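Those protein sequence lines, which keep their order, are chains A and B. For the first sequence, numbering that gives the first Met the number 0 begins at 0 and goes up steadily by one. For the second sequence, numbering that gives the first Met the number 0 begins at 0 and goes up steadily by one.
Source of the hints: derived by calculation from the structure; they are not laboratory data. Computed from a predicted model, the values in this text were never measured in an experiment. Every residue, glycine too, gets a C-beta built ideally from N, C-alpha and C. A hint or two may mislead.
Said to hold, decoys possible - Quick list of in silico lysine to any residue cross-link-like pairs, SDA-like style, CA-CA up to 20 Å:
(1) A:LYS35 <-> B:MET393
(2) B:LYS141 <-> A:GLN30
(3) A:LYS35 <-> B:LYS371
(4) B:LYS366 <-> A:ASN27
(5) A:LYS35 <-> B:GLY21
(6) B:LYS371 <-> B:ALA416
(7) A:LYS35 <-> B:ILE189
(8) B:LYS191 <-> B:LEU180
(9) B:LYS141 <-> B:PRO209
(10) B:LYS366 <-> A:THR36
(11) B:LYS371 <-> B:GLY437
(12) B:LYS204 <-> B:ILE412
(13) A:LYS35 <-> B:THR357
(14) B:LYS366 <-> A:ARG37
(15) B:LYS366 <-> A:GLN30
(16) B:LYS141 <-> A:ASN27
Claimed, not checked - A few chain B positions that, by computed beta-carbon distances, are all more than 12 Å from chain A:
(17) GLN36
(18) SER75
(19) GLY91
(20) ILE92
(21) GLN414
So the chains spell out like this:
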Amino acid sequence: MTQTITFTFNGNPIHCEEGQSIAAALINSDQRELRKTRFGDEPRSIFCGIGICFDCVVVVNGVANQRSCLIEAHDGMKVESAQ
Amino acid sequence: MIIVIGAGPAGLAAAEAASRNGSEVALIDSSSRLGGQYWRHRSKVTGYRSNRADEIFAKVSAAQSITHISEANIWSAEREGNLIRVNYLQGGIESSLTAEKVIIATGAYDRTLPFPGWDTPGSMTPGAAQSLLKGQGVLVGKRIIVAGTGPFLLPVATGLAEAGAEIVALIDANSPLRWSLSPLALLTNITKFSELVYYVRLMRKFRIRPHFGRAVTTFANGVATISAVNSGFHIKSGKSQAMRADVVAVGWGFVPDLSLGGILGCAQRVDSDGTVIFEVDENQLSSQPQIWIAGEATGIGGADLSLIEGEIAGLAASGQKIRHALLTERVRKQRFANALKRSYPVRDGWREWITSNTTICRCEEVKSQEIKDSVSELGAEDSRTSKLFTRAGMGLCQGRMCSRNVSEIVSGITQCAVTDGERIAASNRPIAAPISLGQLSDGKNSR
Chain A
0 MTQTITFTFN
10 GNPIHCEEGQ
20 SIAAALINSD
30 QRELRKTRFG
40 DEPRSIFCGI
50 GICFDCVVVV
60 NGVANQRSCL
70 IEAHDGMKVE
80 SAQ
Chain B
0 MIIVIGAGPA
10 GLAAAEAASR
20 NGSEVALIDS
30 SSRLGGQYWR
40 HRSKVTGYRS
50 NRADEIFAKV
60 SAAQSITHIS
70 EANIWSAERE
80 GNLIRVNYLQ
90 GGIESSLTAE
100 KVIIATGAYD
110 RTLPFPGWDT
120 PGSMTPGAAQ
130 SLLKGQGVLV
140 GKRIIVAGTG
150 PFLLPVATGL
160 AEAGAEIVAL
170 IDANSPLRWS
180 LSPLALLTNI
190 TKFSELVYYV
200 RLMRKFRIRP
210 HFGRAVTTFA
220 NGVATISAVN
230 SGFHIKSGKS
240 QAMRADVVAV
250 GWGFVPDLSL
260 GGILGCAQRV
270 DSDGTVIFEV
280 DENQLSSQPQ
290 IWIAGEATGI
300 GGADLSLIEG
310 EIAGLAASGQ
320 KIRHALLTER
330 VRKQRFANAL
340 KRSYPVRDGW
350 REWITSNTTI
360 CRCEEVKSQE
370 IKDSVSELGA
380 EDSRTSKLFT
390 RAGMGLCQGR
400 MCSRNVSEIV
410 SGITQCAVTD
420 GERIAASNRP
430 IAAPISLGQL
440 SDGKNSR
């Protein structure tokens, strides 16, 4: 019933079910670290899971500060950790 | 028309009740599906008494006068004469909707406390673990510690176990003996025992043993320190143990999101547990005319209370009669909600868990030492001044995660209790969700 789609995270292909959030797809692919922090260069992942904390922000198709826990992954999407 | 904001238990009950006399309802929610956080699901709601969700989803979907506006993030609201305008982003497009009446049912999110390692990947809220599982079908880890305080830890731990995770420990910092402080609430809510029995059965099935009077006090490299704590959350010396886990899901009850009602000027007060909530009258009407508020934003109380408050708000806003029995039922549920607050308090002792290098503000990466220095070196006397010196609470989450904790830390140093005014100020924000200037100026879509 559910279709498999593919997007890229920092250039690597990630396969997931259609309708899954970017964060869910990445964690399901054992990619827990989503970005490094601006000042301390510390790894961060999903924290609140419902769009409140902004810890899981990534760059989606060039647009920064997108909450990966809320945004659905789409086929061909280009997702990157914030620089 | 009535705009209902939020499609969790309170918002659904409000929309359904208002539609009974044919009132036009616009039900706005940020998710693609009905249910909110509590009834989060992919194809079907599961868990304790999930049939309640099926019933109300069916009623709301069948009601001709209810329009569901999904995946809409409301970023502000304003009065326009006798109308209220709600501005939202949907699929990157800025739109707005006006109505004579608004019911706010925006729910709550997990309350968190800082501890060394709470900002490393693998540490998350129980709500995050739950939403990934229920909403996305993804299990966050293999060996999981569920900790913090409150009854929400039970569905999270049993749900994760059911999905195949090993629950290394289920840990509540408070003692269940605290329930003995609330005999009347227990006697008048006997049905709650069946909910407890439901979870105890599941815990037996998955061999989850609960531990009390303990807390996760550090997490690093897949190892959590579990410390024994006393009733004030102070660590008991020499009683710590290390446990291996790839995920620690730690939550300390809930905080309601007050942003929208705050923007509209709805009066607030500090609840018995220190949480800032809205003042409402017996019909759930806020201090502002034509604005009703239901659910967690009027006091954390869970889905049962939210359903009743939502129904009352929906009936009141649509001008229908409210049965006396409904009001009595709310009193009974509120009594239980107050017992929950009494049974699962969050005590100040957590401030000793943090070290100078512990992150307090996750967004701006402000460490505990910087907040202490802002008080002792720079003379900050409250969290607002400390925030100006350190940037704690000035990041993308707008202080939703840390502002309450910063207040408590500053108060611990100055030895001055956090005032109600400070608590209320720290719970309000000028906009409800971030919006870019580009989105604001592009294609405005009014209805």
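Hints, verified against the model:
1. A:LYS35 <-> B:MET393: holds, 19 Å
2. B:LYS141 <-> A:GLN30: holds, 14 Å
3. A:LYS35 <-> B:LYS371: Violated, because 25 Å separates the two Cα atoms, which is more than 20 Å.
4. B:LYS366 <-> A:ASN27: violated, 31 Å
5. A:LYS35 <-> B:GLY21: violated, 52 Å
6. B:LYS371 <-> B:ALA416: holds, 16 Å
7. A:LYS35 <-> B:ILE189: Between LYS35 of chain A and ILE189 of chain B the Cα gap is close to 49 Å, so the pair fails against 20 Å, i.e. violated.
8. B:LYS191 <-> B:LEU180: holds, 16 Å
9. B:LYS141 <-> B:PRO209: holds, 18 Å
10. B:LYS366 <-> A:THR36: holds, 13 Å
11. B:LYS371 <-> B:GLY437: violated, 38 Å
12. B:LYS204 <-> B:ILE412: violated, 46 Å
13. A:LYS35 <-> B:THR357: With Cα atoms ~17 Å apart, LYS35 of chain A and THR357 of chain B stay inside 20 Å; holds.
14. B:LYS366 <-> A:ARG37: holds, 14 Å
15. B:LYS366 <-> A:GLN30: Violated, at roughly 27 Å.
16. B:LYS141 <-> A:ASN27: With a Cα-Cα distance of about 11 Å, the restraint between LYS141 of chain B and ASN27 of chain A holds, given a limit of 20 Å.
17. GLN36: At about 6 Å from chain A, GLN36 of chain B fails to clear the 12 Å cut-off, so the statement is violated.
18. SER75: holds, 17 Å
19. GLY91: Nearest chain A Cβ is 9 Å from GLY91 of chain B, so the label is violated.
20. ILE92: Consistent with the label, ILE92 of chain B stays out of reach of chain A, its closest Cβ about 14 Å off (over 12 Å).
21. GLN414: Per Cβ check, GLN414 of chain B is outside 12 Å of chain A; nearest 30 Å; holds.
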